[in-house]
Each structure stands twice: as structure tokens, then as C-alpha cells.
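Protein chains: 6
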Amino acid sequence: MAKRPFGTVAPPGTSRNWGYALRRVVCPGSFDPVTNGHLDIIGRTSRLYDEVVVAVLINVEKKSLFTVDERIETLEAVTREYGNVRVEKFYGLLVDFCKQQGIPTIVKGLRAVSDFDYELQMAQLNYRMSGVETLFMSTNPEYSFLSSSRLKEIARYGGDVSGLVPDLVHRMLVERLRG
Amino acid sequence: MAKRPFGTVAPPGTSRNWGYALRRVVCPGSFDPVTNGHLDIIGRTSRLYDEVVVAVLINVEKKSLFTVDERIETLEAVTREYGNVRVEKFYGLLVDFCKQQGIPTIVKGLRAVSDFDYELQMAQLNYRMSGVETLFMSTNPEYSFLSSSRLKEIARYGGDVSGLVPDLVHRMLVERLRG
Amino acid sequence: MAKRPFGTVAPPGTSRNWGYALRRVVCPGSFDPVTNGHLDIIGRTSRLYDEVVVAVLINVEKKSLFTVDERIETLEAVTREYGNVRVEKFYGLLVDFCKQQGIPTIVKGLRAVSDFDYELQMAQLNYRMSGVETLFMSTNPEYSFLSSSRLKEIARYGGDVSGLVPDLVHRMLVERLRG
Amino acid sequence: MAKRPFGTVAPPGTSRNWGYALRRVVCPGSFDPVTNGHLDIIGRTSRLYDEVVVAVLINVEKKSLFTVDERIETLEAVTREYGNVRVEKFYGLLVDFCKQQGIPTIVKGLRAVSDFDYELQMAQLNYRMSGVETLFMSTNPEYSFLSSSRLKEIARYGGDVSGLVPDLVHRMLVERLRG
Amino acid sequence: MAKRPFGTVAPPGTSRNWGYALRRVVCPGSFDPVTNGHLDIIGRTSRLYDEVVVAVLINVEKKSLFTVDERIETLEAVTREYGNVRVEKFYGLLVDFCKQQGIPTIVKGLRAVSDFDYELQMAQLNYRMSGVETLFMSTNPEYSFLSSSRLKEIARYGGDVSGLVPDLVHRMLVERLRG
Amino acid sequence: MAKRPFGTVAPPGTSRNWGYALRRVVCPGSFDPVTNGHLDIIGRTSRLYDEVVVAVLINVEKKSLFTVDERIETLEAVTREYGNVRVEKFYGLLVDFCKQQGIPTIVKGLRAVSDFDYELQMAQLNYRMSGVETLFMSTNPEYSFLSSSRLKEIARYGGDVSGLVPDLVHRMLVERLRG
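Residue numbers (my numbering), protein chains in the order written: chain A, 887 to 1065; chain B, 887 to 1065; chain C, 887 to 1065; chain D, 887 to 1065; chain E, 887 to 1065; chain F, 887 to 1065.
One chain only, chain A, in its complex shape:
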């Protein structure tokens, strides 16, 4: 078994003697819209890796509030300060996207035990299909009750979601849902 995973790209000009490699990961999701919970995971991940690729799923079967392009623009705006985050879209299987990008690792947040079974099963299936690993990070407890769908439901009925999303997203939500 090779010691280096398929997605580890040796940085140009770095002697292989050192063995240091560009460590990149994928943070996938729908991000419709991005919440402070997502941002917490992306930000903490960006401090542990050389590059974080945020992968926005194109799901034509599911009705979304924001278009894929709107979501990408928003993600780019709110992650700019991290300095090593790139936003991409993908269609189909996440592991195919990872392979195309040459990235061996997915990082996901776990909020609660109800996420756990599904996520572990997906991780095991993805590993079996492709060798891509999934690493889980505990969500900041302050956002453990937060999801994009719950957020939209609350905003739709006029509930106050400031503090749960970036300011930019707050303005977009108010405009889209009540405009």
C-alpha cells in the first residue's frame, strides 16, 4: 500500500526529501444559504490545512432559495478573509469531484447524534468506492441547533435570524423572503 494518498500533490520546488505536501480538503454542502455554523467549520478547517475547497452541490431536483451562482458568490465573500479557501460547484458524486481535484479528504461538521449514522455510513461508502477519507469536526455548540432549512423556515415567518448567519446573508434572506 502506498504511503501517500492519491491526492497529495508535492508542491513544486519542494524537495521530496522533506516529504512535505500540500494538504488540501473539501468541505461539501448545499449552502442554501451559508450559516454561521458552516462558516465555523470552514474557518476552523482553513487553519488546519493548506487549502480548503468549498464544494457546492448542484441538485436540480431540490428547489433552492438561492441559485448556485448566488451561493458561490456569497461563500467567496464571507470566506475571503481566511486566505486559503476556494469555492467550486460540483454535480453528481462527491468522491468523483474529490478525485478530479486530486484531494484525498472531506471535512464535515457533526452537529448531533442524528447526523451521525447517516454521515458515518456515507463516509464508509465513499471510502469503499474511492478511498477518499472523511474527517468529522464537532460543530461549535453555539450553532448546534442550526440548519439552512430551519433558518429559511424561521426567516419566512419573520423570525429573527441575525447572529445565526453572516450579515451579508441576513440582508439577502430578508430581501428574498419578504421583498
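One or more of the hints may lead you astray.
Identical copies go unnamed one by one, so any copy, or any two together, can satisfy a pair.
[To be verified] Only pairs whose alpha carbons sit at most 25 Å apart, straight line, appear in this in silico PhoX-like list of lysine-lysine:
1. LYS1038 x LYS975
2. LYS985 x LYS949
3. LYS1038 x LYS985
4. LYS949 x LYS975
5. LYS948 x LYS1038
6. LYS949 x LYS1038
In case anyone wonders, no lab produced these hints; they're calculated from the structure.
Go by the hints and put chains B, C, D, E and F onto chain A.
Then chains B, C, D, E and F, alone, in the frame of chain A:
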């Protein structure tokens, strides 16, 4: 907030322009003894990081089957082939060990939902106390039923544990428990 | 922070010296139809509070078997004997209804661990948005397997649901589903 | 209370003195399509009982990939080697099917804790309605991440599902989804 | 792979043509003391199998309230009416006991999700070590909160446990704990 | 069935016509020592009830860091500002204490799913034994990873627990563990 975590050490001779850093993690445990489940996590982790430090907890209050030194020797023997695994012992808080080593990340295996709550709470507490992150990796389903304590119980009553531990550990268990 | 929650209404004629207050709670749900499990929670709650307001959610997006008015009438009939239960309908966010009613507390039944994560997350979100608290009561184990949707599915195929719903609801179900 | 359940049929020609009875069970599901996880449960069950009746649910409200007849044919083909498996279809309540067949026991696989609550509640409800018992068998950990719906999603996007389904099903999936 | 498990014993005088076999299972536990929850599982199991062997674990390391012989006598007394229950003691690994008895199946009750992980892991480990299968049965919801240790704690402080244990056990508890 | 629970005491001088009653609850625990998580539950409960009785369990079998009297003094000091909290100790069964106090309701915090099963089972058992109800309140997510035992372990090794306990407790911990 700094973009680089405290434990990221720039490799000597590497231009900071590239920004590539030595990525190291800690895999903690008691390893009394190391099982194939542990080895699966350590081996998969070793392919995702530049260096894996296996940290053996010294717990004077808990009776162990093997001494800390025996466990370290065994771990060194069975992880040698990975090429980038170092085995250390620690006493006290795991996050203090991580800080001393300058390592910002812990990697742990999750077997089942019963691990989940405890591990997530420890991860949140460790992050709050020290900023050290914990990443969870799904255990290989083939070893999801495996723990060191269950293993010792079975071996003690003469049950067959070959295939659940490395051969070296199998021989040590047979010798220690029935010798 | 005030010692009295916003929804605590001092009963007219009661000296504030005593500090005793009318303690009211909301028991929310769809109640399509009300089951013996719901009734167990409402009845036990009615013995712990001065008034219980049963709040029937108007959900125009979800197809229901009984109209909101039918559900209210049924609930009124089967809770009459408790003496301190009032039935209302609401639209939108439950916490907005609670505020309009001046009631600081929601009481909900928990049947099983699968309810737990969702309900705890909703409770935390509701508290954060509005300060309204949610208290959970363990469902009577005898009805822990019971839900309105499962009940309707069984009744639809001619299964026997007597003993799982009040007699009035049993008659309504038979009439509606097989009439 | 009678010592023998309603579904225990004394085999013709067997003296009642021995009290041995034909032990039959039902393994229910949608099997759209049958996976190696299903087959693992059916095969292990067939070794514990005299006859296993695989019951394919006819669900007109849910869109399926394969017709009920295709699913029955496939199941018959892949379970033929067990020698004591019969495949039937049913409509309505599973417990009514069990009663019609004179079979007192359902056997189901449990993959993960997320299955647990739903399945236990259904088991308790079925027992209360009809006296039919449900016995749960732990899924082979190797297939614990597997479900028909996840499988179809992967196959739809060209993911490799060989090794997760019988060869016959693999060919059918490839033909149906990409043909 | 053989179609018949190792523990299936053909009853004497029964033609193999019929293929009917004596179906036996093991219900294991400490039974210190037996509760109505245990009895519910044993009684329901006795109606699904030709013979139920209740296996009392001899655990010299754990302090018990009743001796193994007292527990066996009590179990024999309260299960006598089922007509097909035999009580045995065992030491060491449960699967070794099953093999000695030639019984291929263990039946256990599942009360709640907290039992689930441990029990599923033990079931998978036992199957891997020996081929012995474990089937789980949902505990009667009325006894889902009941365990021997909780019962003893309550009885010790004078709490009323009648209705939670057989009358015989109730008398024994009162005598032992307050005598 | 009486409409008023046994523990509802009509306040002197209040006309029964109003039916308003003194609503009291018990918040039980070991509180060795009290954490900010406990205090969050007690404080929020004090706003929903007329009086909160904090009940400190005397457990002679478990080694504690602080004496029962120290714990009571500390609790009294840190809950004084709520104005309606009384601290008592109890020995034996919690429901017996509730009955002696004439209080029909226990309020407990739920942190995570691992608490859930045990707590629900205790609640059902307590209700069955005595009619005393248990209401659960979601722990503040900020303290969801916190327990007294974990806290003591961290403090023992010199970890920083400020912000997790009241200042008074912080000083006591430092003095006791390192003094």
C-alpha cells in the same frame, strides 16, 4: 485571528512563499493492547498527514495488562511500515501533550453512536480549553465491534482473537493470559 | 435579568406579596388526529399547570385527514374533563403564538431518542429567538410506539386502532377512511 | 395464554408428542433492488428456520426502479441456493400478510441506531395489533452503510456498486440506469 | 455453506424428509433477580421456539444479591408454566456455552437505544468468533425502564417494586434487603 | 382522577376561586461541585416556577471532592440572586424527598443523547412508583460538554476551568486540588 494554527511548523528549507507546512496529528489512546481497529485508524491517518504521533496515556489508576513500555514497543513494531509514525507516552491532559509537541490536531476513530456523545463533548471541551481541534474518522466497519477491553475478556476465556489484533499482539496475549 | 418571565401573569386580586402567578403552558402539535399518546401528555400537563393551551398548527402545505376545525372540536371534546385546557389554532412560528398568548413555556412529549435531537435543537433555537422555554415530558411507555401518521396508515388498511385513540376519534377514523 | 403461537403449524406425520413444529419467518422489504445486505440477512435467517418467506411490499404511492415482478424474480434467483426461501408479494399491513400465511415471526436486519427507534416502535405496534413478533438481526458490518436508495443514487451517477449487490442485480442496474 | 446450522438437532423419529428440526435458543443474563421484563422476553420467546435455555452467568468478580443457585431456583419456579424452558448456569464465554449445548441462536431483549450499540457489537463479535447468531426482541414498553440493578436500588431504599417483579421475587427482595 | 397534583399547595390568603397554586419544583443532583451548566438550568427554572428546591444527594458510597455541607453553602451562595431558590439535602429515593416536600415535579437538564435513555427510564420509573413527574430542559449548548466529573479531572491536571464554573467554585477547586 491568525491564519496558521500554533502547531504548524514550517519545514526547514521550504520557502514560506509556498506556504506548505508540516502537517502533524496526534492519535491518542491506552492501546492495552493495540488492536486491528486502532491500526486501521493509525494507518489511514498516516496517509493523510506528514507525521502521526501515537500518544499512549499513562493512567496509574487503571490496572493494565501490558506496561506502558511494552505498549510503546508493540506500537512501534506494528506501525514501522507506515514510515511516518512516532510513538510517545503522556501523562495528564491530552491537550497539554499536544501543546508541548506543537501539534494542533487530534485524530480519533468513531465506532458507534455510543462513542459519539462522549467524544464530541471531549472535543468541544478540549477546543475550548486549548484551541486543539479533534477530527473523527469512521472506524472500518469490519472492526466496529472491537475494543481492547472486550478483546482481553475474550482472550482471557480462551476465545479466538486472531484476525482482530496484529500477530505480534496475538502471541503476546496468549503468552500473558495463559502462560 | 428579570426574575419573572414575560408570560407570567399575576392573577387579579392576588397580592404580589405572595408572588404566586398563573402558570400556563402551550402543548403544540398537528393532532391529525389526537391520539391517546397526545392525551396522556395533555392530561398529565394539566395537573402540573393552572392552564394548558393546546395549539393546533395550521400547515397549508401538508395534506391533512381532518380539517383544523374538526381537530379543534375533537380536542375540545376529549380534553373537557380536565377542566383547565383551552384549544387554539396558530399559523407561523410557535414562539410568536406563545408571545401573543403571554405564555413562557412549551411542554412536549418525548417518545424516543429519534425525537430527541430534533426537539432539543428546536428548543434551543426557540429559546435563542424568543426566550420561550421548552420542557419535555416522557411519553407513557404504553404509547411510545404511537404517532398520528402511523395510526392513519394502519386505519387505512383496516388495522385495529381501538385502544390507541379516544373512542370519538376511533369512530371518526373509521367513518373517514372507510366510509 | 396458549403455549403455541397461532402461526406454528405442526408438520404432517410428526407426532405431537415431540412437539416439533415447522418454524417459519417473514423477511419483509421493498427490495428495489435486493442488496448484499438484504441477502446476508435472508441467508443467515434461512439457516435458523425451516422456511423463510421473503415478502415484497407493493407500494403504489412510491416510485420504484424495478417492478414488483422484476424484484420477485430477482429475489428468487439470488436466494435459490438457500433451498428454503419462498418469495411473495403483499399489499397493506405486514401483520395481515403474516396472519394469512400463518407465520408468527418477522425477522429484520438492524444496521444502525437510526433504524432502531423506528423499527422498535413498529415491532411494538405490530405485536400489540396482532401478536406477531419481530426479531432483529445485526447486519453484517461490511454492509452496514448500504441501502437500496443510496445504491441507486450512486449507480445513477456512474459510481461503482459491484461487490455491494449480487452480480445479476449489478447487470440489471447498469442496464436500467444507463441503458 | 451448509444450509443447517451446527446447533440444529433433528428430533429422534422425525423423518429428515420433512426437514423439521428442534429449534432451541439461549436467553442469557445475570437475573439478579429476574424481573417482569426478563420474564416477558422469556415467555414470548418460549412461544416461538421448541425449547428455551435460560443461561445464568456466573460472574465471580461482581457482587450479587442472590447466589447463582437461588437465581436458578427462582427462574425455574417462575418459568415452569411455560413448559419448554430449561435453566442452566454458565461460566466464561456465552458462545462456548451455546456450542456445548448445540444451540445456534441467542435471544435478547432490547430496551432502549443505550442497549443497542453494546448489544449489536457483542452480537457481531459473537458471530465472528463462533457463528452463533443473536436475535433481538423489543422489550414490552411497560417494562422498558426496568433493570435488575435499578430495582435493587429502589428496593434497598424501601421503594415499592411490586408489579415489576414476580410475587416470589418480591418476597425474596423484601426479606433479603430489609430482613 | 383529581385535577390537582398532590404537591400543589394553595397559597394562604388566595381564593380557591382563582385556582392559582404555588408551583414548586425540585432540581436534583450531586453538585460536586456546581457548574455553570447546573446554574443555567436552576436559573432558567427559577423564572418558570414560584420556588425551586435544589436537592443535593447524599451518597455515602461515592467519594466526593466537597462535603455535602460545602456543596449546600456553595449552591446557596451562587443561587441567592434568583430569590426563589432553596437548597436541601436528601438521602435515599428522590421521589420520597419530593413527597415529603409536597412537590409534584422534578426538573432536569438534558445535555446529550447519552443522558436521554437513562433519564427517560428513571422518569418513567419515578412516575410509576410515585406519580412524581419529571420535566426535561435542554442544557445551554455552551455548557453541553460540561460535567462535574470531567471538570474535576481537568482541574486536577491543572487545566483552566474558569468560565465553566462560578468564580467562587473556581477558587474552591484551585484551593482543594492544588493546595
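Structure-based check of each hint:
no.	hint	result
1	LYS1038 x LYS975	both (22 Å within a copy, 22 Å between copies)
2	LYS985 x LYS949	neither (28 Å within a copy, 32 Å between copies)
3	LYS1038 x LYS985	between (33 Å within a copy, 21 Å between copies)
4	LYS949 x LYS975	within (17 Å within a copy, 29 Å between copies)
5	LYS948 x LYS1038	both (15 Å within a copy, 17 Å between copies)
6	LYS949 x LYS1038	both (13 Å within a copy, 21 Å between copies)
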